[in-house]
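Undergrad: So you can see what is in the structure, the chains are spelled out below.
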Amino acid sequence: MSNKTKPFQDKKHVDTLAKAIKALVSRPLKLMEVCGTHTMAIFRHGIRSLLPDGLELVSGPGCPVCVTSQDDLDRIMKLASVKEVVIATFGDLIRVPGSSGTLAQARAQGANVEIVYSPADALGLAKKMPQKQVVFLAVGFETTAPTVAATIMQAKAMDIENFSVYSCHKLMPPALDALFQDEDLGIDGLLCPGHVSSIIGSVAYEPLCKKYKMPCVIAGFEPVDILLGIYHLLLQIKDSSPQVVNAYQRAVPYNGNPNALSVMMQVFCEKDAIWRGLGKIEKSGLGIKDAFGHFDAGKRFPFSVLSRPEPKGCLCGDIIRARANPPDCPLFATKCTPVTPIGPCMVSSEGTCSAYYRYGRHENR
Amino acid sequence: MFIKEKERMCLAVPMEVLEIKGKEGDFLDPHRAVVKAQGTKVEVRLDIVDRPPEKGDYVIVHAGFAIHTLSKQEAKKSLELFEDMVKNV
Amino acid sequence: MKTDKILLDHGSGGLATKNLIEDVFMKRLANPFLSPMEDSAVLELPPGKLAFTTDSFVIDPVFFPGGDIGSLAIHGTVNDLSMQGACPLFLSLGLILEEGLEMAELEKIAQSLAQAAQEAGVTIVTADTKVVGKGQADKIFINTSGIGIIEKGIGEIGIDRASPGDVVIVSGYIGDHGASILLARSGLPFESQILSDSAPLNTLVDDMLKCVPSGVLRLLRDPTRGGVATVLNEIAQASGVDIKIQEEQIPIRGEVQGVCELLGLDPLYLANEGKCIVVVDKDYADSLLSVMRRHKFGKNATIIGHIEEKAAHQPKVLLQTNIGGLRIVPVLTGEPLPRIC
Numbered sequence: 002m003s004n005k006t007k008p009f010q011d012k013k014h015v016d017t018l019a020k021a022i023k024a025l026v027s028r029p030l031k032l033m034e035v036c037g038t039h040t041m042a043i044f045r046h047g048i049r050s051l052l053p054d055g056l057e058l059v060s061g062p063g064c065p066v067c068v069t070s071q072d073d074l075d076r077i078m079k080l081a082s083v084k085e086v087v088i089a090t091f092g093d094l095i096r097v098p099g100s101s102g103t104l105a106q107a108r109a110q111g112a113n114v115e116i117v118y119s120p121a122d123a124l125g126l127a128k129k130m131p132q133k134q135v136v137f138l139a140v141g142f143e144t145t146a147p148t149v150a151a152t153i154m155q156a157k158a159m160d161i162e163n164f165s166v167y168s169c170h171k172l173m174p175p176a177l178d179a180l181f182q183d184e185d186l187g188i189d190g191l192l193c194p195g196h197v198s199s200i201i202g203s204v205a206y207e208p209l210c211k212k213y214k215m216p217c218v219i220a221g222f223e224p225v226d227i228l229l230g231i232y233h234l235l236l237q238i239k240d241s242s243p244q245v246v247n248a249y250q251r252a253v254p255y256n257g258n259p260n261a262l263s264v265m266m267q268v269f270c271e272k273d274a275i276w277r278g279l280g281k282i283e284k285s286g287l288g289i290k291d292a293f294g295h296f297d298a299g300k301r302f303p304f305s306v307l308s309r310p311e312p313k314g315c316l317c318g319d320i321i322r323a324r325a326n327p328p329d330c331p332l333f334a335t336k337c338t339p340v341t342p343i344g345p346c347m348v349s350s351e352g353t354c355s356a357y358y359r360y361g362r363h364e365n366r
Numbered sequence: 003m004f005i006k007e008k009e010r011m012c013l014a015v016p017m018e019v020l021e022i023k024g025k026e027g028d029f030l031d032p033h034r035a036v037v038k039a040q041g042t043k044v045e046v047r048l049d050i051v052d053r054p055p056e057k058g059d060y061v062i063v064h065a066g067f068a069i070h071t072l073s074k075q076e077a078k079k080s081l082e083l084f085e086d087m088v089k090n091v
Numbered sequence: 000m001k002t003d004k005i006l007l008d009h010g011s012g013g014l015a016t017k018n019l020i021e022d023v024f025m026k027r028l029a030n031p032f033l034s035p036m037e038d039s040a041v042l043e044l045p046p047g048k049l050a051f052t053t054d055s056f057v058i059d060p061v062f063f064p065g066g067d068i069g070s071l072a073i074h075g076t077v078n079d080l081s082m083q084g085a086c087p088l089f090l091s092l093g094l095i096l097e098e099g100l101e102m103a104e105l106e107k108i109a110q111s112l113a114q115a116a117q118e119a120g121v122t123i124v125t126a127d128t129k130v131v132g133k134g135q136a137d138k139i140f141i142n143t144s145g146i147g148i149i150e151k152g153i154g155e156i157g158i159d160r161a162s163p164g165d166v167v168i169v170s171g172y173i174g175d176h177g178a179s180i181l182l183a184r185s186g187l188p189f190e191s192q193i194l195s196d197s198a199p200l201n202t203l204v205d206d207m208l209k210c211v212p213s214g215v216l217r218l219l220r221d222p223t224r225g226g227v228a229t230v231l232n233e234i235a236q237a238s239g240v241d242i243k244i245q246e247e248q249i250p251i252r253g254e255v256q257g258v259c260e261l262l263g264l265d266p267l268y269l270a271n272e273g274k275c276i277v278v279v280d281k282d283y284a285d286s287l288l289s290v291m292r293r294h295k296f297g298k299n300a301t302i303i304g305h306i307e308e309k310a311a312h313q314p315k316v317l318l319q320t321n322i323g324g325l326r327i328v329p330v331l332t333g334e335p336l337p338r339i340c
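First to last, the protein sequences are chains A, B and C. The working numbering numbers the first residue of the first sequence as 2 and each following residue consecutively. The working numbering numbers the first residue of the second sequence as 3 and each following residue consecutively. The working numbering numbers the first residue of the third sequence as 0 and each following residue consecutively.
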């Protein structure tokens, strides 16, 4: 194990925190995490098994791939069917269903789909294949959007004609606001995302915390980070003193990263967006500004797609708000399974419904 | 010789900067850092980093781009802060 | 007539085919069974039950650090027989060549096949070569089928024989092959090379079977596609048991761990081509371990966990993590890595 991660995986620290957490839980509590990397880290290290009965960690809409709407997927599938188009995408998106299939299925039927790890890779593809139209599927929150913005600016500076971006970018704070508006919200505290916070800063959570009296703690991804974050949330809950605590100082400045935000807002502007399972959330998405309209795949390939309603009955909205459990959903384990997922809770490989389906109520309990 | 970074989205560990290449604001020769990563060296873009790093600094990386710089001292200090937080549990 | 590339003519069955077989294969693989080039090899087998297996190899890239498709094709089939407690004896070799394949590459692969067969002590007794047009195969695909004999006295070995209390051993470092291939494909420059662990396990298994009484060794399985996690889940399902392993005990090279961190992979799901998972009666675990460690391919054999009564309706594999947490090791879902073997 590298020296750098030693203190963050120290078993003694883990034990101390596990004990302290246990002592702070005297009634059933639910904490929400909204970061795909947190979801995976919690699973990978078996964090839930160290938490006392009564303390539940709920997976919020922290996986940007999983909350990509059916409408967006339908438009993407239409793009994929254009002969000279090469779709460049982050891997997980190929499993997300549109109303008539997934990108993986389109690929099996001859669509040109390439997996990339960075928007810069997608631009590289365009340079390598001048006879093709590379369309990059921009999925992600405030950590990824600035990287895509920089790539679009680079494409413009280099006059690359065969590159465009289909933006599915979404913003975290408006989604949190929409979730927390619910009076029946079953969430007692928010474990804030790691690297999104590097960009938006801990300051971004202050309005949410104030408006909804929601305890907020920003935590890193190592096991001790996560347990420390949970511990601080429980402290706030016990003292009824909701505030924003930054337990990830090494990566998150108070004001975030103004440079990244500025780059992002040079290329993108806020727009309404549809979140799979949650519906339309105002000003929660990013669209490409007119100044860079040439690189907007939606404008370059202007076909309309009939908007189909998402399968009726999906309870993801309630499950994410900790108001319902997977078996309450009529689609769970019938129409909606890990192989044929419908809502984000099943699309995410460690989402609430996916985990419930594969492991039962709680892991190892 | 060093190729663009191909990695999964979020690498949590701050990576040490070995070399700086390219020019700030020049998209034809983009500003980038060669960083040490798990037994290999990768290049990361510096377009959106909060503060341009120097050799010996550390950066947090996402999707091939540095998103945060911390100097050796800052890294040390934040580790101390962290250990304090844990001690006070 | 020597050419530097495979042509369709080489698959026609005529003179070009004959020359190809002689120049490339017979030169390296000649033996009393193969050389007469009969339609079938006629074999006399020692007494015992016959084990029979087949495997096809479509690995990309064809040449990788630590081996190539030729050595892999021998090791894979030899190991499948060994995992059943059989002594591998005879192999068949089927090759599908893409028009345009470099002759030099084919010669290299033929050499690897010959060397690997010799090292493993098996004979290729029958073979076939076909050529398909450019683009209809990717360089070369190989199929090897193999037969072996399970000697009398070797206890029953089966995936359904794991029993609560048994110990789970892995014969060495995991993830080497998968990491080596993925690294080769990613093009990332790595400070230290990761070699595939491709190796024949028959002599190791032989040592193991000889050192314990019949029936004590419940099962052997080589964790190829899908890795250790997949094999453990298969065992749990077939035997109707839970399996608990310790993350701290799992032997993984630092470089492999590093590649996994970088590429976002879990080493438990990476392919291995020279390792086996062993489930053994706990009273014989230590003696088996020392025998394994004396063998070239078992030097780093380690106990990684044990078999338990299944706690719920569905059998499951549990992992105690480095920080003391407990989690399930799920069955592989999503896109497994293509053409890994």
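Simulated from the structure, these hints should not be mistaken for lab results. Values in this document were obtained by computation on a predicted structure and should not be read as measured data. The beta carbon of each residue, even a glycine, is placed where N, CA and C say it ideally should be. A portion of the hints provided could be inaccurate.
Unchecked claim - On the chain B side, residues computed to face chain C include the following (Cβ under 7 Å):
1) GLN40
2) GLY41
3) THR42
Undergrad: Compare the structure with each hint and give your call.
TA: Outcome of the hint check:
A hinted interface residue such as GLN40 (chain B) counts as satisfied when its beta carbon comes closer than 7 Å to some beta carbon of chain C; here the least separation is about 3 Å, so the hint holds. Because the closest C-beta pair between GLY41 (chain B) and chain C is about 4 Å apart, less than 7 Å, the hint holds. The restraint placing THR42 (chain B) at the interface with chain C holds, with a minimum CB-CB distance near 5 Å, inside the 7 Å limit.
Taken one by one, the earlier hints all hold for this structure without exception.
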